[in-house]
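In order, the protein sequences belong to chains V and G.
Under this note's numbering, the first residue of the first sequence carries the number 1, and numbering increases by one thereafter.
Under this note's numbering, the first residue of the second sequence carries the number 162, and numbering increases by one thereafter.
Don't read these hints as lab results, they were simulated from the structure.
The beta-carbon is built from N, C-alpha and C at its ideal position, and this holds for glycine as well.
A few of these clues could be false.
Pair ranges (Cβ atoms, derived) [what the hints assert, rightly or not]:
1) V:SER130 with G:GLY350: 40 to 46 Å
2) V:SER130 with G:GLN249: 52 to 58 Å
3) V:LEU129 with G:ARG418: 38 to 44 Å
4) G:GLU209 with V:THR158: 36 to 42 Å
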Amino acid sequence: MRYRAPFVLAASAAGLAGILSYHTHGTTLAVGSQSPAGGAGKRSAGSGAATTTPPATTAPDHTTPSSTAAANQTVTGPTVQYGYGQLAVRVTVSGGRITDVSVPVLQVAEYTSQYIAQQAIPMLKGQVLSAQSAKIQGVSGATYTSQAYDQSLQSALTRVK
Amino acid sequence: MTVRRLPTGPDTAPADPGPEQARPRVHVEHVMGTAVVLTVHGAHDGPEVGDALAGACRMLHDADEVFSTWNPSSPMTRLRRGEARLDQLDPRAAEQISEVLELCRQACSLTEGWFDPWALPGGVDPTGLVKGWAIERALAVLDARGLTAMVNGGGDIAWCGQPPDGGWRLGIRHPWVADGLACVVVGDGVRRAIATSAGYERGAHFVDPFTGEHTMGALASGTVAGPDLAVADALATALVVGGRPVLDAIRRLPDARGGGRYEAYAIGPAGEEWATKGFPFAEAQP
Numbered sequence: 001m002r003y004r005a006p007f008v009l010a011a012s013a014a015g016l017a018g019i020l021s022y023h024t025h026g027t028t029l030a031v032g033s034q035s036p037a038g039g040a041g042k043r044s045a046g047s048g049a050a051t052t053t054p055p056a057t058t059a060p061d062h063t064t065p066s067s068t069a070a071a072n073q074t075v076t077g078p079t080v081q082y083g084y085g086q087l088a089v090r091v092t093v094s095g096g097r098i099t100d101v102s103v104p105v106l107q108v109a110e111y112t113s114q115y116i117a118q119q120a121i122p123m124l125k126g127q128v129l130s131a132q133s134a135k136i137q138g139v140s141g142a143t144y145t146s147q148a149y150d151q152s153l154q155s156a157l158t159r160v161k
Numbered sequence: 162m163t164v165r166r167l168p169t170g171p172d173t174a175p176a177d178p179g180p181e182q183a184r185p186r187v188h189v190e191h192v193m194g195t196a197v198v199l200t201v202h203g204a205h206d207g208p209e210v211g212d213a214l215a216g217a218c219r220m221l222h223d224a225d226e227v228f229s230t231w232n233p234s235s236p237m238t239r240l241r242r243g244e245a246r247l248d249q250l251d252p253r254a255a256e257q258i259s260e261v262l263e264l265c266r267q268a269c270s271l272t273e274g275w276f277d278p279w280a281l282p283g284g285v286d287p288t289g290l291v292k293g294w295a296i297e298r299a300l301a302v303l304d305a306r307g308l309t310a311m312v313n314g315g316g317d318i319a320w321c322g323q324p325p326d327g328g329w330r331l332g333i334r335h336p337w338v339a340d341g342l343a344c345v346v347v348g349d350g351v352r353r354a355i356a357t358s359a360g361y362e363r364g365a366h367f368v369d370p371f372t373g374e375h376t377m378g379a380l381a382s383g384t385v386a387g388p389d390l391a392v393a394d395a396l397a398t399a400l401v402v403g404g405r406p407v408l409d410a411i412r413r414l415p416d417a418r419g420g421g422r423y424e425a426y427a428i429g430p431a432g433e434e435w436a437t438k439g440f441p442f443a444e445a446q447p
């Protein structure tokens, strides 16, 4: 029995047209149950992708239970060592929920050691020396080790009043 | 090819957070061995957002269950080890694997072999594309609810919906300055994904597809911005391993139907920078 992917990527003679126009569709769950899409869209769903929703459970947010939590606290968690280096997570909590997370410390030991030893860190033309000032919604550039990230984040959250 | 400059003025003061309802809602999900940050923008406090986030997270875990090469019994592991044929796997897993492998074939061709899951030890390994693919599927759940959202799996980010005030702005991590950015990039509804691959992530974890040897890559960091994160993920992986030939291959790509195209930015190990002509550098900090 042959299985064919539902979204066959049409290839031109050069083989590129399919992938260049490709948009990932979020439809079929391979495992687990599917239920009909729920909730009215607030605008038209461009790609027409159907949603699958699990039984109604809320995502387990790492929020503080206190309803009197102070507004807009930012705490940086401890620097956690892991196999390749170290990282620390900074979290902002406001009104009892996380409104921002970032990773202000990320050092991969074997990658940076040569530069530190030589004291010759290359400068880049457009560089911004503090990610905090750049008014961005996210940073592209590192796949964090989950355990280390969680350790630093959870520790930071315990310090949020 | 020019690299546009971003003025580096004095740090601005942190922005006023604004009314409570306007603050984003952030959820961190541990999946695929990393921490994926899902952010919903706008005034959303109701349970439907929690439902949407749970659905998005289910997509991430689903992809992890199918594709994890760390899990000896995942469908992908069984396939790559020759323990099962595609038609012997769970049908829905087989469908997803087929789709991903077809994408991988085309990405391999497009990068002239610098992205080659079949050249990796242990059997075909689509990991260099799966994270982006999984994130897109998770984002699609949020998108279908009409939410303005961003899903950030470390190096790989995709977004949807109405851009926040000032537009979508993403930083590319500086390879050597902690908490620094190499540059800021702008996004919109067509250019809605960005993937960065870098040697600093996990040391020498790349494989040169032509020699089979482990390598830290030709570049310190390679970034691809474009319409789809699965594709951007594969291109960025190829870019950091291959360097200049991949940048040139990306430069030669035609525009996609619908107007989007993939653009690239590369940082060399000594701080050299290259970018395709249309790479979406931000013009200036606000």
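Status of the hints after comparison with the structure:
1. Taking 40 to 46 Å as the suggested C-beta distance range, the pair SER130 (chain V) and GLY350 (chain G) does not conform, at roughly 29 Å.
2. Look at SER130 (chain V) against GLN249 (chain G): about 53 Å separates their beta carbons, and that is inside 52 to 58 Å.
3. LEU129 (chain V) and ARG418 (chain G) have their C-beta atoms about 40 Å apart, which keeps the hinted 38 to 44 Å range intact.
4. Between GLU209 (chain G) and THR158 (chain V) the CB atoms are about 29 Å apart, so this pair departs from the stated range of 36 to 42 Å.
Hint check: violations occur at hints 1, 4; the rest are consistent with the structure.
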